[in-house]
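Read top to bottom, the protein sequences are chains A and B.
Per the working numbering, residue 138 is the first one in the first sequence, and the count goes up by one each step.
Per the working numbering, residue 138 is the first one in the second sequence, and the count goes up by one each step.
Source of the hints: derived by calculation from the structure; they are not laboratory data.
All figures in this text were calculated on a predicted structure; none of them were measured in a lab.
Treat the hints with care, as some may be off.
Identical copies carry no separate label here, and so any pair may be met within one copy or between two of them.
As the list claims (entries may be wrong) - SDA-like, lysine to any residue: derived pairs with alpha carbons at most 20 Å apart: (1) Lys141 with Arg169; (2) Lys141 with Phe243; (3) Lys141 with Pro195; (4) Lys392 with Val187; (5) Lys188 with Asn384; (6) Lys319 with Ala265; (7) Lys141 with Pro324; (8) Lys188 with Gln395; (9) Lys141 with Val174; (10) Lys141 with His165; (11) Lys319 with Gly298; (12) Lys392 with Arg355; (13) Lys366 with Cys397.
Protein chains: 2
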Amino acid sequence: MRPKIYLFGDSITEESFGDGGWGASLSHHFCRTVDVVLRGYSGYNTRWAVKVAERIFPPVESGGAPPLAFTVFFGANDACLPDRYSAFQHVPLHEYKQNLHSIISFFKKRWPEIVILLITPPPIDEDARLRYDSNTLALYIFVPFFLNTSYGHPYIENPSGLPERTNEAAGAYAQACISVAKECGCPVVDLWIKMQECPDWKQAYLSDGLHLTQAGNRIVFEEVVKELKEKGISVENLPVDLPHIANIDPQDPLKAFQDC
Amino acid sequence: MRPKIYLFGDSITEESFGDGGWGASLSHHFCRTVDVVLRGYSGYNTRWAVKVAERIFPPVESGGAPPLAFTVFFGANDACLPDRYSAFQHVPLHEYKQNLHSIISFFKKRWPEIVILLITPPPIDEDARLRYDSNTLALYIFVPFFLNTSYGHPYIENPSGLPERTNEAAGAYAQACISVAKECGCPVVDLWIKMQECPDWKQAYLSDGLHLTQAGNRIVFEEVVKELKEKGISVENLPVDLPHIANIDPQDPLKAFQDC
Chain A
138 MRPKIYLFGD SITEESFGDG GWGASLSHHF CRTVDVVLRG YSGYNTRWAV KVAERIFPPV
198 ESGGAPPLAF TVFFGANDAC LPDRYSAFQH VPLHEYKQNL HSIISFFKKR WPEIVILLIT
258 PPPIDEDARL RYDSNTLALY IFVPFFLNTS YGHPYIENPS GLPERTNEAA GAYAQACISV
318 AKECGCPVVD LWIKMQECPD WKQAYLSDGL HLTQAGNRIV FEEVVKELKE KGISVENLPV
378 DLPHIANIDP QDPLKAFQDC
Chain B
138 MRPKIYLFGD SITEESFGDG GWGASLSHHF CRTVDVVLRG YSGYNTRWAV KVAERIFPPV
198 ESGGAPPLAF TVFFGANDAC LPDRYSAFQH VPLHEYKQNL HSIISFFKKR WPEIVILLIT
258 PPPIDEDARL RYDSNTLALY IFVPFFLNTS YGHPYIENPS GLPERTNEAA GAYAQACISV
318 AKECGCPVVD LWIKMQECPD WKQAYLSDGL HLTQAGNRIV FEEVVKELKE KGISVENLPV
378 DLPHIANIDP QDPLKAFQDC
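Just chain A, with the same shape it has in the complex:
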């Protein structure tokens, strides 16, 4: 059985197998060595993640290998402001830290040897969030078909004209994420800082002020690969599943499969 790397997070994880997505890129990068397993839940915060972790990650059945690593990528929803229209997703900063601790403890108790890689929320382009709200509102007015869910779309009511997220708040949650990583001895990708190193980060990396463009996805992919490598998890270090074509003798191909 191939080892697994689980991607646990919110919409930025759930969407990571779209075109140029960081999850798909990880799968491609680790093909023949690791199964990258998608466990992204759009809109979720750490409070809900704590509630569902046990159900998402049952103990490995007998004979199954423990996972190699987890990415834990929450905070973008926790950082929704408590007095704006996405307040129901907000989690206070101190609880966000507690919840990250709980998630890490849960994984470490179940699989003591695994690598848990935290990823901070990305920076926020507040103007783009407001433009996105307007566009979404227009879409939902003209295409009421999409409202056919139990509670409608939870994002569309924004009479305040203020964004539901700010870059400052996202930065505070990113800093909290880094603190937790340090406290727990976990590696961390500081996406909030890393993206803002590029002067054009709003256009280059964010598609709607929050979610990632292909270039934004590329950064997450590269940073995750780098951090995993520092923990000894790399294509070079992992056994390849079945003989590589370059290691099959053209004169006697079946020799390579004698032990299969």
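Since chain A is already given, all that's left is putting chain B on it; use the hints.
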């Protein structure tokens, strides 16, 4: 546990999580409902696939759910001509059919209820294959670092000036694949025919005369989704893993997680 769809095949499967790849697109399409598991092996033919199937697909451990479906996508390497430079990958047509039967029998014996979706090899652009050989040869002459494998790159010796694959041969293997599917009652994607319905198929769908462009990947994705849907496997029919954000009550979010 989420149900699984396995992608079993050669390089066109192994590379299917690259940008715009059909495997990544399936993962994205089925996110929150199915785990799409990559089992692609570049250069492999059905003879080798039969040898390794038992090792790749061990019986599901106790408590594990049987897979939902398999895609079986071989033939592009079997169809290498027996008197050209990739002859070591060639498998005679009658054996190709036998091997597909063996693979289907193996899956059906292990998991009687699963859907096995065959995919024929794509058409071949012979001129592009020759251009690709020349380019690869140049690459390997100027970058000898890449030759650092046990047997070197097996594709580079082509003094004949003739392509290792022809579209006619690929068509014969595609037809054989369809026959096997009919004999076994399996759904099948006739990629060889489907792609050639577009007058510009060589440029539109093939990157090197054999492997797929993003548009070519798109066709595989759409055809696989269509065939799976006809067998009752669709996002609409599958349970969603944990409550969707639109079904979480903003007034009382935790209510949605009472049973988790």
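Each hint tested on the structure:
1. Within a single copy, Lys141 and Arg169 get their C-alpha atoms as close as 12 Å, and across copies as close as 17 Å, so both meet the 20 Å cut-off.
2. For the identical chains of this complex, Lys141 and Phe243 are intra-copy neighbours only, at 17 Å inside a copy versus 25 Å across copies, given an alpha-carbon limit of 20 Å.
3. For the homomeric pair Lys141 and Pro195, the shortest alpha-carbon distances inside one copy (14 Å) and between copies (16 Å) are both at most 20 Å.
4. In the homo-oligomer, the alpha carbons of Lys392 and Val187 lie at most 20 Å apart only across protomers (14 Å), although the nearest pairing inside one protomer, at 50 Å, exceeds that limit.
5. With identical chains, the CA atoms of Lys188 and Asn384 are at most 20 Å apart between copies only, with a shortest distance of 16 Å across copies and 47 Å within one.
6. In this assembly of identical chains, Lys319 and Ala265 lie within 20 Å of each other by CA distance neither inside one copy nor across copies; the values are 32 Å within and 53 Å between.
7. In the homo-oligomer, the alpha carbons of Lys141 and Pro324 lie at most 20 Å apart inside one protomer (18 Å), although the nearest pairing across protomers, at 30 Å, exceeds that limit.
8. Taking CA atoms no more than 20 Å apart as the test, Lys188 paired with Gln395 passes between copies only; the shortest distance there is 9 Å, against 48 Å inside one copy.
9. Taking CA atoms no more than 20 Å apart as the test, Lys141 paired with Val174 passes in both settings, with 7 Å inside one copy and 11 Å between copies.
10. Proximity of Lys141 and His165 under a CA criterion of 20 Å is satisfied in both settings, with 14 Å inside one chain copy and 18 Å between copies.
11. Taking CA atoms no more than 20 Å apart as the test, Lys319 paired with Gly298 passes in neither setting, with 37 Å inside one copy and 60 Å between copies.
12. Taking the shortest Cα distances, Lys392 and Arg355 never come within 20 Å of each other, neither inside one copy (40 Å) nor across copies (36 Å).
13. Taking the shortest Cα distances, Lys366 and Cys397 never come within 20 Å of each other, neither inside one copy (29 Å) nor across copies (34 Å).
Checked against the numbered hints above, the structure breaks hints 6, 11, 12, 13 and satisfies the rest.
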